[in-house]
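K.L.:
Residue numbers (the numbering used here), protein chains in the order written: chain A, 1 to 290; chain S, 291 to 650.
These aren't lab readings, by the way, just hints derived from the structure by calculation.
Backbone N, C-alpha and C fix where the C-beta goes; we use that ideal spot for every residue, glycine too.
Careful: at least some of the hints might be erroneous.
[As the list claims (entries may be wrong)] Cross-link-like lysine to aspartate or glutamate pairs, in silico, EDC-like; alpha carbons within 20 Å at most:
#: 1; chain 1: S; residue 1: 589; chain 2: S; residue 2: 555
#: 2; chain 1: S; residue 1: 370; chain 2: A; residue 2: 183
#: 3; chain 1: S; residue 1: 399; chain 2: A; residue 2: 186
#: 4; chain 1: A; residue 1: 182; chain 2: S; residue 2: 349
#: 5; chain 1: S; residue 1: 296; chain 2: S; residue 2: 555
#: 6; chain 1: S; residue 1: 350; chain 2: S; residue 2: 324
[Stated by the list, open to error] These stretches of chain A come out as covered by chain S in the derived footprint (C-beta under 8 Å, 3 or more residues):
#: 7; region: 172-184
#: 8; region: 194-204
[What the hints assert, rightly or not] What follows is a list of derived Cβ distance ranges for each label pair:
#: 9; chain 1: A; residue 1: 180; chain 2: S; residue 2: 311; range: 44 to 52 Å
#: 10; chain 1: S; residue 1: 352; chain 2: A; residue 2: 119; range: 50 to 58 Å
#: 11; chain 1: A; residue 1: 91; chain 2: S; residue 2: 629; range: 55 to 63 Å
#: 12; chain 1: S; residue 1: 333; chain 2: A; residue 2: 2; range: 56 to 64 Å
#: 13; chain 1: S; residue 1: 424; chain 2: A; residue 2: 180; range: 21 to 29 Å
#: 14; chain 1: A; residue 1: 84; chain 2: S; residue 2: 352; range: 49 to 57 Å
#: 15; chain 1: S; residue 1: 463; chain 2: A; residue 2: 278; range: 41 to 49 Å
#: 16; chain 1: A; residue 1: 126; chain 2: S; residue 2: 367; range: 49 to 57 Å
#: 17; chain 1: S; residue 1: 379; chain 2: A; residue 2: 175; range: 14 to 22 Å
#: 18; chain 1: A; residue 1: 20; chain 2: S; residue 2: 407; range: 40 to 48 Å
#: 19; chain 1: S; residue 1: 367; chain 2: A; residue 2: 205; range: 18 to 26 Å
#: 20; chain 1: S; residue 1: 605; chain 2: A; residue 2: 2; range: 39 to 47 Å
#: 21; chain 1: A; residue 1: 138; chain 2: S; residue 2: 304; range: 38 to 46 Å
#: 22; chain 1: A; residue 1: 2; chain 2: S; residue 2: 420; range: 57 to 65 Å
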Amino acid sequence: MSFGHKVKPYLMLAPAMGFFFMFFIYPILYMFFLSFTSWNLISPVKEFVGFKNYKELITSSEFHTVLTNTIIYTILVVFLSISIALILALWLNKKGYLYGLTQGAIFTPYIISLVSVALLWLWIMDPDYGLLNWVLGILGIPPSKWLAHPDTALISLVIVGVWKIVGYNTLVLMAGLQSIPKEIYEAAALDQATKWTTFFKITLPMISPTLFFLMIISTISSFKVFDTVQIMTQGGPVNSTNMMVYYIYENGFDFFKVGYASAAGVVLVIIVGIMTLFHFMFLSKRVHYR
Amino acid sequence: MRRVYKLDNITLKNITKQYNGITVIENLNLHIEEGSFTVLVGPSGCGKSTTLRMIAGLEKVNNGQILIGDRDVTDIAPGKREVAMVFQNYALYPTMTVKQNIEFGLKNKNIPKSEREEIINEICEIVGLKDYLDRKPSNLSGGQRQRVALARAMVKKPKVFLMDEPLSNLDAKLRNQMRTELIQLHKRLGTTFVYVTHDQVEAMSMGDQIVVMDKGKIQQAANPVKIYNDPDNLFTAQFIGSPAMNVLPVWDITKELDYIGFRPEKVTISNEKNENSLFLNGKIITRERLGAETIYLVKTVLGEIKVKAFIDTFKEDTEVVLNINYSDIYIFNFNGKRLRYLEEKEKFKLLEVRLDEFWA
Numbered sequence: 001m002s003f004g005h006k007v008k009p010y011l012m013l014a015p016a017m018g019f020f021f022m023f024f025i026y027p028i029l030y031m032f033f034l035s036f037t038s039w040n041l042i043s044p045v046k047e048f049v050g051f052k053n054y055k056e057l058i059t060s061s062e063f064h065t066v067l068t069n070t071i072i073y074t075i076l077v078v079f080l081s082i083s084i085a086l087i088l089a090l091w092l093n094k095k096g097y098l099y100g101l102t103q104g105a106i107f108t109p110y111i112i113s114l115v116s117v118a119l120l121w122l123w124i125m126d127p128d129y130g131l132l133n134w135v136l137g138i139l140g141i142p143p144s145k146w147l148a149h150p151d152t153a154l155i156s157l158v159i160v161g162v163w164k165i166v167g168y169n170t171l172v173l174m175a176g177l178q179s180i181p182k183e184i185y186e187a188a189a190l191d192q193a194t195k196w197t198t199f200f201k202i203t204l205p206m207i208s209p210t211l212f213f214l215m216i217i218s219t220i221s222s223f224k225v226f227d228t229v230q231i232m233t234q235g236g237p238v239n240s241t242n243m244m245v246y247y248i249y250e251n252g253f254d255f256f257k258v259g260y261a262s263a264a265g266v267v268l269v270i271i272v273g274i275m276t277l278f279h280f281m282f283l284s285k286r287v288h289y290r
Numbered sequence: 291m292r293r294v295y296k297l298d299n300i301t302l303k304n305i306t307k308q309y310n311g312i313t314v315i316e317n318l319n320l321h322i323e324e325g326s327f328t329v330l331v332g333p334s335g336c337g338k339s340t341t342l343r344m345i346a347g348l349e350k351v352n353n354g355q356i357l358i359g360d361r362d363v364t365d366i367a368p369g370k371r372e373v374a375m376v377f378q379n380y381a382l383y384p385t386m387t388v389k390q391n392i393e394f395g396l397k398n399k400n401i402p403k404s405e406r407e408e409i410i411n412e413i414c415e416i417v418g419l420k421d422y423l424d425r426k427p428s429n430l431s432g433g434q435r436q437r438v439a440l441a442r443a444m445v446k447k448p449k450v451f452l453m454d455e456p457l458s459n460l461d462a463k464l465r466n467q468m469r470t471e472l473i474q475l476h477k478r479l480g481t482t483f484v485y486v487t488h489d490q491v492e493a494m495s496m497g498d499q500i501v502v503m504d505k506g507k508i509q510q511a512a513n514p515v516k517i518y519n520d521p522d523n524l525f526t527a528q529f530i531g532s533p534a535m536n537v538l539p540v541w542d543i544t545k546e547l548d549y550i551g552f553r554p555e556k557v558t559i560s561n562e563k564n565e566n567s568l569f570l571n572g573k574i575i576t577r578e579r580l581g582a583e584t585i586y587l588v589k590t591v592l593g594e595i596k597v598k599a600f601i602d603t604f605k606e607d608t609e610v611v612l613n614i615n616y617s618d619i620y621i622f623n624f625n626g627k628r629l630r631y632l633e634e635k636e637k638f639k640l641l642e643v644r645l646d647e648f649w650a
């Protein structure tokens with residue numbers, strides 16, 4: 001092969017790789033660097049401080065709250081969005097006009113901008129004039145403070161998070177269900193399997209790769225929640241909804257503690273990185289048939 | 291301890307099946323003898339698989355009655371019919387091991403563990419799966435998967451075995467081997483087998499009763515010898531046998547368009563006309579030498595005729611005479627129905643006159 005032939009593919013990849021390095025690799029490396037400095041975003045001096053930012057992070061009770069909030073939020077969103085999606089997928093996995101319409105309806109939130117979703121739910125969850133309390137009132141359930149109270153604020157964000165992604169999860173699970181050959185269910189019927197046995201011994205194991213996939217991607221996306229926090233609560237009341245990405249943003253651009261924010265960013269990268277590793281480990285263990 | 295297999299006959303009474311308003315099977319009646327190896331055979335879309343699936347209970351019938359033994363199973367769930375089925379793609383549970391696959395039906399029937407172990411051991415001995423019990427189906431070859439599917443069916447001690455083209459996913463060599471094994475298995479178990487295939491060779495070699503189907507109707511149900519030698523109609527005559535029966539249009543004395551048919555292997559190819567037989571002059575178009583036998587395609591005034599012969603000395607483009615004994619000729623009317631009364635020799639002579647006129 002001539003020299004030209006060898007160089008050509010790299011030349012053609014160069015523009016994409018250029019952007020990739022400039023906007024992904026370089027900022028990440030720069031963040032690692034900044035996490036060892038003290039910088040206020042404006043000053044020309046970036047003072048090297050070693051592990052000071054990390055020490056501060058580990059000992060900060062605020063950071064502990066933020067991390068706990070993020071973990072609670074993630075567990076709830078992942079668990080609820082997948083289990084609700086599974087029920088919906090089993091129910092909607094049929095042909096018919098009404099089923100198609102419902103599928104479309106529950107998928108719609110996924111394609112709406114998260115900012116619009118947040119504003120919409122801000123209005124729905126208004127303690128005094130909100131639609132949600134009005135509906136609860138009709139049903140005879142006492143109204144809730146929703147976003148305005150530390151006890152319910154995080155749950156409120158969970159509701160919005162679940163509402164946003166449940167349609168996507170349903171669609172992916174339906175694809176998983178449809179990939180199960182019809183004959184396997186017929187064989188199970190001939191084997192006298194009850195509906196429960198069929199679900200737990202055949203359906204669930206066969207969609208387990210899909211379930212793992214959804215768990216990993218929704219865990220990662222929940223860990224990075226920002227828009228709803230920024231628009232609906234700004235981390236309040238009393239830090240009850242402050243989560244990782246918002247905390248990083250707040251420290252970096254409100255308090256100008258860029259070094260400290262970068263250290264938190266590094267921690268987030270490590271957590272998400274570990275989860276991505278899990279993702280690939282599960283993917284390689286996927287069940288393959290034929 | 292040898293397990294005793296129960297067996298039962300199957301009766302289909304006036305079965306009608308429709309899909310979205312289109313009738314695929316109309317008024318089908320069939321009796322399957324207990325302990326028989328019955329093969330449903332026909333081209334794709336003839337309703338053979340649907341019939342099998344109705345016996346299994348996987349398809350509801352729109353009308354009619356299905357009896358297994360004396361029991362009316364028309365509205366009984368598949369699992370309660372005491373039938374077992376082997377699917378074309380085996381339909382093994384991919385997430386379970388071989389053992390779990392075989393055990394699944396027994397567990398659902400709440401059979402105690404010790405008894406389950408005993409049954410599984412015995413069956414796996416028969417089908418030769420002992421060393422593979424802990425494998426997943428994805429780690430098995432096609433033939434092994436086939437055996438798992440068989441074992442899964444056998445452990446349930448069904449009264450009826452249903453098989454839907456179980457060999458069509460195997461390669462030719464393995465298919466021949468499994469064919470023999472299935473015949474032996476049937477002998478050993480002695481239970482009723484109902485087997486669906488589109489392959490007439492499979493049907494002829496395996497079945498002791500063959501049900502030829504076309505367009506949702508039974509064309510003929512009989513033993514292989516009768517099906518081959520004494521077909522009821524043109525469809526059966528042409529579907530069974532390879533190469534297919536030669537069919538030529540002729541005009542009979544009543545001026546209706548009829549057909550005569552004769553099998554390629556019943557034609558004698560020679561240079562001279564034989565007395566006392568139907569003869570046709572022709573020219574060889576192609577010659578296929580298959581080793582033991584040779585298939586000639588001969589062009590005659592009545593159309594192209596296939597000849598299966600043991601002599602391969604006739605070359606392409608040579609003029610030959612084809613002789614066919616009167617006793618080997620079948621006559622069908624324009625609907626494809628066999629006209630046995632016309633095949634008696636005297637009456638046939640009249641036809642021969644017409645044939646002579648035809649090419650004169």
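K.L.:
Would you mind marking each hint as holding or not holding in the structure?
P.N.:
Each hint, compared with the structure:
no.: 1; hint: S/589 <-> S/555; in the structure: holds (17 Å)
no.: 2; hint: S/370 <-> A/183; in the structure: holds (18 Å)
no.: 3; hint: S/399 <-> A/186; in the structure: holds (17 Å)
no.: 4; hint: A/182 <-> S/349; in the structure: holds (13 Å)
no.: 5; hint: S/296 <-> S/555; in the structure: violated (42 Å)
no.: 6; hint: S/350 <-> S/324; in the structure: violated (23 Å)
no.: 7; hint: 172-184; in the structure: holds (count 3)
no.: 8; hint: 194-204; in the structure: holds (count 4)
no.: 9; hint: A/180 <-> S/311: 44 to 52 Å; in the structure: violated (29 Å)
no.: 10; hint: S/352 <-> A/119: 50 to 58 Å; in the structure: holds (55 Å)
no.: 11; hint: A/91 <-> S/629: 55 to 63 Å; in the structure: holds (60 Å)
no.: 12; hint: S/333 <-> A/2: 56 to 64 Å; in the structure: holds (58 Å)
no.: 13; hint: S/424 <-> A/180: 21 to 29 Å; in the structure: holds (23 Å)
no.: 14; hint: A/84 <-> S/352: 49 to 57 Å; in the structure: violated (39 Å)
no.: 15; hint: S/463 <-> A/278: 41 to 49 Å; in the structure: holds (45 Å)
no.: 16; hint: A/126 <-> S/367: 49 to 57 Å; in the structure: holds (53 Å)
no.: 17; hint: S/379 <-> A/175: 14 to 22 Å; in the structure: holds (20 Å)
no.: 18; hint: A/20 <-> S/407: 40 to 48 Å; in the structure: violated (59 Å)
no.: 19; hint: S/367 <-> A/205: 18 to 26 Å; in the structure: holds (23 Å)
no.: 20; hint: S/605 <-> A/2: 39 to 47 Å; in the structure: violated (58 Å)
no.: 21; hint: A/138 <-> S/304: 38 to 46 Å; in the structure: violated (57 Å)
no.: 22; hint: A/2 <-> S/420: 57 to 65 Å; in the structure: holds (60 Å)
Comparing the model with each earlier hint shows violations of hints 5, 6, 9, 14, 18, 20, 21; every other hint is respected.
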